[in-house]
Amino acid sequence: MWIFRGLRKGVVTTRWPAHPDPYADATRGPATLTTLTAGPGHAGPSGGDLAALCPTGAIRADGGVRLDQGRCIQCGRCVEARPDLFAWAAGPATAVTARGALVVPDTGEPGAERLADTRAALRRRTRALRRSVHIRHVDAGSDGADEWEILALLNPVYDVHRLGVFFTASPRHADILLVTGAGARGMTEPLRRTYDGMPDPRVVIAAGTDATGGGLHADSYATTGGITTAVPVDVWVPGSPPTPFALLHAILLATGRLPAAPAVRRSTP
Amino acid sequence: MTHTEPRTDTATLWDGPLARVAAGDRFAGLSATAEPGGLTLTAHLAVPGDIIAADVHLPGPPSAYPALTPRLGAAFWYEREIHDLFGIVPAGHPRLEPLVLPLLNGERRRPRPGAAGEPGRLDPDEHALPRHVHGTGVFTIPHGPVRSGVFESVEYLVETPGEDIPHLNIRVFYKHRGVEKRFEGRAAGDAVLLAERVEGIASVAHALAFAHACEHATGSEPPYAARLLRVAHAELERLANHLDVAMKLADAAGLAVATARFGLHKERVLRLAGRMSGSRFGRGVVVPGGVRALPSLRAAEIRAELDRLAAGIPADEDALLATASFLDRLRGTGPLMPERARAHGALGPVGRASGAGEDARAARPYDAYTELGAPAPGGWDDGDTLARLRVRCAETRYALAAVRRALDDLDDLGVDPPLRAPCAPEDGRAIGWAEAPQGELVYDVRFAAGRITRCRVRSASFHNLPLFHEVFAGDILTDFPFIEAGFGLSIAGAAG
Amino acid sequence: MNTVFLAGLALLALAAAVDLLLGGAYARLRGLPYLLGTAASACLLAAGAGRLAGHPAAIGLGDVPPLGAAGLAIDPLSALFLVIAFGAAVGVSPAFASRARRPGHPVRRGLGAAYALTLGATAVIVTARDIFTFLFAWEALTVAFYLLTGHERHRAGRAPAALGTLAFGKISGAALLLGMLLLAATAHRFSLAAFAAVPPGAVRAAAYALLVLGFATKIGLVPVHVWLPRGYAAAPGPARALMGGVAVNVGFYGLWRTLDLLGPPPAWLVIVVLVLAAVTAVLGIAHAAVQTDLHRVIAYSSVENAGLILAGFGVAATGMLTGERPLLAVGLLAATLQVAAHAAAKSLLFTTASGIEDAGGTSDLDRLRGAARRAPYSGTGFTIGALTLAGLPITAGFVSEWFILESLMQQFRVPGLAFRLTLALTGAAVALTAGFAGVTFVRLVGLVVLGPAPRTPPPAPDYRPAGRAGIIWLSAACLGIAAAAPLAIRLIAAGLAPIVPAATTESALKSPWVLQPVYADFSILSPSWLWVAMPALLALTIAATWLASGSRMWRVRRVPAWRSATAGVEGTDEYTAFGYANPTRRVLANVLHTRTDLHEHPGQAPAALHYTSDVIEIVEDYLYRPFIRPVRATVRTAKRLQSGRLDAYLAYMLIALIAVLALITATG
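Sequence lines, in order, name chains B, S and Y.
When you line the first sequence up against this note's numbering, it's residues 660 to 928, in that order.
When you line the second sequence up against this note's numbering, it's residues 134 to 629, in that order.
When you line the third sequence up against this note's numbering, it's residues 38 to 705, in that order.
One or more hints might be untrue.
Think about it this way: if two alpha-carbon atoms lie no more than 20 Å apart in a straight line, the pair counts; the simulated DMTMM-like pairs of lysine to aspartate or glutamate are [as the list claims (entries may be wrong)]:
| hint | chain 1 | residue 1 | chain 2 | residue 2 |
| --- | --- | --- | --- | --- |
| 1 | Y | K207 | Y | D558 |
| 2 | Y | K676 | Y | E637 |
| 3 | B | K668 | S | D451 |
| 4 | B | K668 | B | D684 |
| 5 | Y | K676 | Y | D658 |
| 6 | B | K668 | S | D440 |
| 7 | B | K668 | B | D818 |
| 8 | B | K668 | S | E438 |
Footprint (simulated), chain S over chain Y, 3 or more residues, beta carbon under 8 Å [said to hold, decoys possible]:
| hint | stretch |
| --- | --- |
| 9 | 534-545 |
| 10 | 599-605 |
| 11 | 622-635 |
FYI, nobody ran anything at the bench for these hints, they're computed from the structure.
Even for Gly, the Cβ is constructed at its ideal location relative to N, Cα and C.
Kindly produce the complete structure, drawing on both the sequences and the hints.
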């Protein structure tokens, strides 16, 4: 009975990334700057006010406006108040392979050579399996929404199995550690135990703004402000929470099936 | 709301709240607030049409007080939480083990919400908790904190002699984020963002409960358009949550197609919310005093999407409730007796499936529920996982209809209706509530000079999760995923 | 052969004498009675083997007028059971010797004598040619069992267990006495061979049933099995192996001999035996699966095996009754193979379980996790014994259980719905039993042998070299019977010759190395080839893995076992032996009457819950318990007669004499 119900629906699965997906391109990413060439002095006289726009302190305006997407919780205050300066980044390509690359304009921090090696090693190992990878997810103090977006990857719309991506219960079988949450201190040790239980090579993805920078929970008595202090992160995905497309992009990026994030980040027209 | 007078006579400390509970009011939580002159214990009570706080003040730096739990079982977890956060001992509490903080003993490093300043950093003490069940061959299966699958971090200690689950112990402290403390020092406009992230899957409901507290404090009344939009988003959120429960139950039963179908429906609901507000979880919609903006999607498109959902969801729910192999796994699984549910004041669908679970939308209507009407009570009292699913299926139908009616009413209001009333609480204290998909939320917020000095968040998940201790009688290990999914709780909300 | 046989009996007498005279006086000589017993067992084994090879033996005890000639004789059937019983005894005896010399464990006088008495009685029972010798030896065995089970009577539960063993031994003896007297009264002779002349009728049927009851009590058939688990568990160390692996075979011998002498049993008796066999197998394995004590698991497995063997016996009886000779052959062959496999494996299991108990300091399964790792010989032997009783390939148990199932599948060849239905139901029960046997022994091996090694040093070392030799002997038997199955079948066929011609039984050999269930073109099996194929497959797998991964196969990074990243729990976080059996407890709740209870511990802080779960021996509870009270009352009343005064006893005797005379006068 259920089989017929399923068949009646036809194919609902996206063909991204092989083919563009309109919903994916329209998804809202973190805030970004309208002009990526913003130089010193561009912010004008209201520098302090600009910084105060952001509840997580992602905006710095001393000597030029800088926005740290790794701390952006997508509240939209800045976009609402100063549409001349700020806009939404769009599309799923939000993940980066170096923490510094989340800051716009790019600080030019050195790229992640370590990740390049890891990606190469992972590519070698999964070559025989057509680059199929297994993911172990760990919640290190998320608000619960990130888990929903990860689970969405398994629904028929995203169906990551078509890309050879699987979730596994045991870290013993995992290639990728997908960590969400603001780094609750109670989870530091369990997270480390999970990481230790994985075979080499292993890639760690910090999924969501809470994981990349702590978001609103940054560095309190109970959280470490992101997971970077607990495990070595390879791929950063901002978003509160990151959309399933953004997560999928990060996974494909981690396994070397997509090129690293483009240098220029598009903004909505 | 009313506040009872502070009292210091410890022998009769709880006589007032207990008398009210005996008279029929529902115990809705217990919390504490650190104050310069000592500590205030607050029992929240749901009375007809309102939620009130009964305060008792303990002067000086108190080290103990007579526990409420022996006289009112529902306070069991609350007093453990108070012990964890403040280091104060509820004397006579039956089992004072760490609950929300991984700290075994010592007065050091207690965060003490309400007290000024940032507490010292938490240094987790990973000592094993005492086992609760003793007897022949009993051993513990730790489910978590890193669970088998994509779950929030929590550790269920299944104390079992194999197969049976006589008792379940829970460690929720792994993902404690100290949210209540994070509210302190923020203005209402910023704090609502934090409220949205207390329980990410119930962002709208939390924002609403918080906004209601702010509005109660200032007396401001959101415009009708805002109230309609709030209901629309709250019901979309409820829809997504209930579909998630149905999906997880179908998954536990191994119904692959049903799992995919409900996953698809849920994705569509999230996409609709996302296209209306920019956030798939409706974040940023609710602001104290109203809503931020009108939907960014044209009404016709929303209606078309609602039509699609209405064509698919009820039919699939009916099919699910007619699948015999599925019903067999749910019927009689995880039973919660009505007496027990009422004594505990079980909330939300879990309570409603056991003949309790007052619906805040009906009992204390807020926003446009006053005009649109609340869902009719279903009258279920089987108390098993199947009854919980039936309650949710009835609520999804109400949600589909309510979103549509809210949008219809919104259309009638013209092109550019007012969306916000001024609301910037300066001083004082107010209680707000909302019915989240998991059950009733209570926010008790104190302001001073425009900043929050204490924000008590009482989530339905925290209130309902202790019932997990008791619903496994007679069930076996393979029933666990059904019972967990059927409860549909959020650990983020329980761990704080 | 007479000399060898008599030498065996003489050595046993010497062993008993040495034990009674020296006791445990000289540490070096403590093992002597058992070493003498080993030699005696070897002699008796040789006597049996020699008879099967064609050297007859008979020992006359002279005529006892007016009762006729009494004596011992080894015919092929006796020889077969001598081989089985004393083949096992050869392995068990050195274990006794080894354990007797454990330092710090004083040996009480009497165990050696009881041991020698058991072996001697066993040898006499299987060779007795007349009622008196037989019954005398049978009673001697009952006394020996009582002495063995009561040897440690100061320990909890031992004394009642010994009493139960004695009581059921007496019931068994009484049934045999009554049955044999009935037959002798009709045949007018006391020689066993004369029973064949008893004409069919009510007397013969009643005697048949009484004999089956008497022998069934010894092997633990439901409902006369209740003494067995407790009695076996009460015996000290390898004495369990002596009872459960060696002496138990006299019960099977008795049944075989009954079939030999009395021929076709009454039809109703065959049905009853088959049904009871099915019930016994299921009930035995159900209890074995859930017991929490190591020895009781193994003891209940004896009950299960009694069921399996009697299922084969029932098939044979059906074949004899219906004149279907191949069916008689396959049933008897299957049952005999199972008797042999059971004798070897049960002796091995009880012997090694005793070593494991010493190494773990307890017989509580929950506290024996990994205990076998500290006693490598016992552990290995235990594994082999467990695999054999679980009926897994390359062991003798696999061959014998295959034959039992195959024999039951021949039900379509039998006329009559009642037989077909009973055989089919018994077949289903045996299949179910085989499944649960797997669960039972996986639990033992998985937890006791493969569990993580305990960190504390063992309280006692493993067996000494003598015991190890015994373990190796028995292990070799468990495996060898399978590897050389055709040879075993030829031996058994020779032994069964008095009942069914050897040629018929040997039809079980399709070709020299391939077996079939006597009937051709039904199914085939070659355990010998399995011995070649299975190790070859294993080697192939390892080789393939090595080829695919090269040297990486051995490069392993070790991290703690994945426990969901938990910080740890109080107490055990691994499946306990009790927990592993709990699904069985639930599934078989109707058979076991599982009762669980969860209650608050009163007055304990922090509050704790107490969980209990228990299973009930339904036969004991519903069949025997109601009678215990009236029996006790009767005994109390009867005690009044025991005044202790001589004149009273003389008066009783006078009354009895007058009564007998009156009876004779009246009937004469």
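Going down the list of hints, with the structure as the test:
no.: 1; hint: Y:K207 to Y:D558; result: 47 Å, violated
no.: 2; hint: Y:K676 to Y:E637; result: 46 Å, violated
no.: 3; hint: B:K668 to S:D451; result: 17 Å, holds
no.: 4; hint: B:K668 to B:D684; result: 24 Å, violated
no.: 5; hint: Y:K676 to Y:D658; result: 27 Å, violated
no.: 6; hint: B:K668 to S:D440; result: 15 Å, holds
no.: 7; hint: B:K668 to B:D818; result: 15 Å, holds
no.: 8; hint: B:K668 to S:E438; result: 15 Å, holds
no.: 9; hint: 534-545; result: violated (count 0)
no.: 10; hint: 599-605; result: holds (count 6)
no.: 11; hint: 622-635; result: holds (count 4)
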